[in-house]
Structures are given as structure tokens and as C-alpha cells.
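K.L.:
This is what each chain is made of:
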Amino acid sequence: MSQSFTFNQRLRLFSLETQSEFLKVIRMPAFALPSLAFPLMFYVFFGLIFNRGGMSGQMPAYLMATYGVFGIIGPALFSFGVNIAVEKDHGWLALKQASPMPISAYFVSKILTAMMFALIITMALFSLAAIFGDVRLSRSEWAMTLLVLLLGVLPFCTLGLWLGLQLKAQAAPAVVNLLYLPMAFLSGLWIPIDYFPDFLQKAANLLPAFHLAQLTLKVQSLDIGQSWMIHLAALAAMTAIFLALATRAFHRISNN
Amino acid sequence: MTINACVSVQGLSKSYGDVRALQNIDFIINPGEIVALLGTNGAGKTTFINSLLGRVKYDSGSVKVFGKAPGHLDARRRTGTVLQSTKMPNTLTIKEHIELFSSYYLNPLPLESVLEKANLVGLEQRRFDALSGGQQQRLFFALAICGQPELVFLDEPTVGLDVNSRRDFWNCIRQLSAEGCAVLLTTHYLEEADVLADRISLLNNGSISMEGTPEQIKSHLGGKRIRFRSPHKPEDFNTLPDVSQSRQRGDYIELQSTHAEHTLKHLLNREAKITDLTVTEVSLEDAFIHLTEESPTTPYQEAV
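Note that the protein sequences, when read in sequence, are chains A and B.
For the first sequence, the numbering used here begins at 1 and goes up steadily by one.
For the second sequence, the numbering used here begins at 1 and goes up steadily by one.
Just so you know, these hints were derived from the structure itself, not from any lab.
Honestly, I wouldn't trust all of these hints.
[To be verified] Taking lysine-lysine and the BS3-like style, the derived pairs with C-alpha atoms no more than 27 Å apart in a straight line are:
| hint | chain 1 | residue 1 | chain 2 | residue 2 |
| --- | --- | --- | --- | --- |
| 1 | B | 57 | B | 68 |
| 2 | B | 224 | A | 96 |
| 3 | A | 96 | B | 233 |
| 4 | B | 273 | B | 224 |
| 5 | A | 96 | A | 168 |
| 6 | A | 96 | B | 273 |
| 7 | A | 202 | A | 218 |
| 8 | A | 96 | B | 87 |
The model shown is predicted, which means the values in this text are computed figures rather than measured ones.
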């Protein structure tokens with residue numbers, strides 16, 4: 001009785017899981033619309049209309065990178081943080097764990113969904129920046145920016161996962177917002193970090209969003225000049241910590 | 001020790017701090033039978049089901065599901081589950097939910113037969129939030145059976161459903177059992193256990209206080225409750241035939257009778273000043289109070 005899935009069955013399982021997750025999220029306008037529209041709207045206001053000439057004309061390019069980071073964090077934090085809290089409290093996660101679903105499918109589908117949202121947001125930002133902001137990058141710079149942003153969802157998926165497993169469904173949206181919005185501001189996603197007082201710039205080193213923003217800006221050499229290795233190491237370390245905390249929380253809820 | 005049993009439990013115990021949720025439970029489910037685990041809220045039914053699913057670490061004893069540890073992949077592939085008061089994502093349709101769950105199993109049923117068995121034909125494009133309570137519960141049932149399991153766990157599947165929805169659900173369970181699938185049903189409705197189960201186990205404060213066929217259990221617990229107003233004291237009615245218990249509840253007097261028709265005949269002949277008379281099934285809660293008051297230390301054991 002130790003039959004196992006064929007490759008095609010496994011592929012079907014993972015693609016159905018991902019498809020369901022994506023449909024589930026996109027059909028919730030209260031979630032999908034703000035997370036797609038806000039980063040773009042903010043970028044249009046602050047990057048294209050008000051500050052166009054700031055930072056010696058580089059504002060549209062700079063804010064394209066930082067609003068990209070802002071845009072991809074939202075779906076990752078919400079899809080993990082809020083949805084997992086809800087599915088846990090509704091017993092849906094328990095039912096899935098009782099089924100033969102591989103638990104990896106549950107997480108992979110959520111990561112891929114967050115990445116799809118990241119892709120949509122990034123492509124829309126790129127288009128706005130190129131068409132209305134005269135942002136001109138080389139092909140490899142565009143590609144590199146996209147890659148950093150897509151992989152950049154991972155630390156926030158693990159942070160969201162940890163929060164989602166800890167929080168009650170009703171508290172989750174508020175807590176996630178309380179974390180998301182101040183972190184975005186303090187990491188220099190809305191206003192360039194260069195304008196911040198020194199101590200705030202230093203404090204930003206504690207925030208994962210800051211390191212991701214610096215990595216993204218590094219592609220265009222607009223970062224504040226730390227080595228990319230520091231940012232990558234910080235992100236990797238934070239991902240590992242969140243993952244360890246999440247694993248502990250997961251074992252606690254599934255085995256009491 | 002039955003080698004082919006779907007579930008075999010020996011000496012299972014589990015405590016939460018000082019609270020002993022389950023105490024020394026022995027339990028077996030054989031292929032194809034419907035076993036009802038009957039108990040009040042807080043009796044330990046859900047803890048027991050969760051132990052069988054591998055969701056609770058038990059303190060001592062042995063639990064095997066198809067010969068494997070609970071929660072083992074091989075065990076999960078051969079079982080289906082309906083958990084208590086679950087909600088699923090609202091924005092997916094019945095069809096999407098069933099197709100997804102089917103993909104978890106090696107030999108799933110075709111969508112059409114799942115819809116048919118769960119009595120959901122014609123609703124496949126409906127979203128979860130557009131379903132009635134009964135339809136939602138049958139969708140959970142559909143997810144439990146879509147992988148052609150040999151055993152299905154149903155944790156209080158009909159709580160909160162109206163009478164018709166409950167009947168619909170019962171029909172689904174009967175059909176499933178007729179096809180040879182074993183069912184473990186937890187419920188606090190005596191009637192539900194009665195109409196569905198081949199065997200009933202009574203769970204009371206974490207231990208199995210009685211086991212037997214529905215007939216055996218009912219003859220011990222069952223009967224009707226006769227309720228009325230009367231100027232007399234409850235004790236005055238103890239002498240009526242077949243009355244097993246009498247008490248005052250508010251303005252009413254309540255008699256428990258093992259043969260209501262017989263008791264009523266004598267009651268009405270003897271006593272003229274009776275108003276607001278009703279006769280109802282004894283609820284399990286009443287039966288339990290009766291049972292624990294009657295024999296708090298030596299639980300009745302029915303040989304199976």
C-alpha cells in the first residue's frame with residue numbers, strides 16, 4: 001500500500017493548489033484591489049507628479065524600486081499572515097492536515113501566489129515608470145530588479161507565516177497593517193532613506209524591508225552604499241529566524 | 001487483537017493539565033461498520049477523533065489506523081474527515097473545492113459521482129458562501145469521500161442543521177456505508193446514533209461508560225419525558241408504572257418513562273388536574289444525568 005504519486009499527479013496537485021489559492025485571493029476585492037492599486041497610486045502621486053525633479057531627476061527611478069518593494073511586501077504579508085490566521089481559526093488548515101495533502105503544497109501555493117501578485121505589481125510599476133517617468137534602464141537592470149523583487153517576497157512570506165500561526169483571525173489584519181505601514185515608512189520605501197536623520201538610517205538596518213529596498217536600489221546604484229552581501233545576509237538571517245519561529249508555532253498548533 | 005481493523009485503540013489516555021480528557025479507552029472499528037461515539041459536549045469526543053487523526057499527542061496507550069500510527073500518510077490516504085464547525089474559503093466553488101481535494105488522493109472518484117453521492121448535483125458552480133448550512137456540510141462530506149476512503153471520520157456533522165438537512169445528510173452516510181466504507185460518527189444526538197449506527201459507544205467524562213447496539217443502549221438509557229403542570233409533588237408520581245425518574249423543573253413536573261403510552265394511560269386515569277402536557281424524547285443530556293446519578297462509580301458494561 002505504499003503506492004506513490006506519478007510525476008504528473010504531483011504536478012497536478014501543486015498546480016491545482018496554487019490555482020485555488022490565487023483564485024481565492026483575487027476574488028476577494030477587499031484584498032486584491034488595495035494591494036494592487038495602492039503601490040501604483042502612491043507611485044503616481046509621489047514619484048511621477050510631486051517629486052519628479054527630486055534627487056537630481058532620479059526620483060521616478062528611485063521610487064520605482066522602493067514602491068516595488070512596498071508593493072510586493074503587501075501580498076506576501078497578507079496572504080500568509082491574514083489568510084493563515086483565518087484558515088487556522090476556521091479549522092480549514094486542520095482539515096487539510098487531516099487529508100493526504102503534502103504540507104509543502106500548502107506553503108508553495110501561497111508563496112507562488114504572493115510571487116504572482118509581485119509580478120503583476122512590478123510589471124505595472126515598470127510600465128508606469130518607463131512610459132510616464134522616463135525611467136531608462138538596461139535590459140539586465142530591468143531583469144535584475146524584477147528578480148530581486150520576486151525573490152524578495154520570501155522573507156515576508158516567512159514573517160507572515162509566523163504571524164498568521166500566532167494571531168487570531170480577527171486581530172491579524174490590524175497587526176499586519178501595524179507592522180507593514182510603519183516598516184514601509186521607516187525602511188525608506190515612501191521617502192528616500194537619504195532624507196532621514198542619521199539615527200533613523202541606522203535603525204533601519206533592523207528592518208527586512210530596508211535591506212530589500214537597498215538591494216533593489218543597488219541594481220541602479222541608487223543605494224546608500226553598503227555592500228550587497230550585508231543586505232543579502234541580513235535578509236537570509238531574518239528569513240531563517242522567522243522560519244524557525246513559524247515552525248515552532250506550527251508544531252504547537254498541530255500537536256497539543 | 002483484530003489485524004484487519006480500520007482503527008484499533010488500546011488503553012488510550014490523555015490529560016490537559018489536571019483535566020483527564022480521555023481515560024484508558026479501548027476501541028475498534030471494523031471494515032464497513034458505522035460506529036457512533038455518543039457523548040455530551042466536553043465528554044472528549046473531539047479529543048478522541050483528534051487522537052485518531054494524529055492531531056493530539058496522547059499520553060499513553062496505543063492507537064493504530066490501518067495498522068499505522070495516526071496521521072501517517074498511508075492512513076490519511078485511506079481515510080476521509082469531516083471536522084467540527086469548519087469553514088472553508090468562501091470564494092471558491094464546489095467544483096473547485098472537490099477537484100482540489102481529489103488531487104490529494106491516488107484514486108479519486110470522478111467529480112460527477114462525488115456530486116451525486118453528496119447530493120450536490122447542479123450546485124457545482126456555487127461558491128461556498130452561497131450555500132445553505134446543509135449544503136455546506138454536504139460539501140465537507142464530499143471532500144471526505146472524494147478519495148474513495150475505506151474509513152470516514154465525521155465529527156458532529158449535523159450540529160446546527162434543520163431536520164430536513166439532517167435527514168439528507170443521514171442518507172449520504174447510509175449510502176456510503178452500503179458501499180462498504182467504515183464510518184466513525186460522533187454526535188450528541190441519541191436519535192442520530194440510533195438511526196445510523198451498527199454500534200454505539202457512550203463517552204462520559206473521558207471514558208467509555210457503555211457499549212452496544214442501539215437497541216441495547218436505548219433499553220438502558222432511552223424512553224420518553226412526560227412533562228406537565230400539577231399541584232402535586234413529583235414524588236407522588238413515582239408509583240406510576242414504568243416511571244424511572246421524577247423531578248420538579250420550574251413550574252413543571254417531569255417524569256422519565258421507559259414506556260410512555262403505558263405510563264400516560266395510568267397518569268390520566270388517576271390524576272385529573274394535569275395541564276400543559278407534553279411528551280418528548282429523552283435528550284442525551286437527561287439520560288446522562290440519569291446514568292451518572294444512578295451509578296456514578298460502576299459503569300454499566302454491555303457485552304458486545
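K.L.:
Output the indices of the hints that this structure fails to meet, ascending.
P.N.:
Numbers 2, 3 and 6, in rising order.
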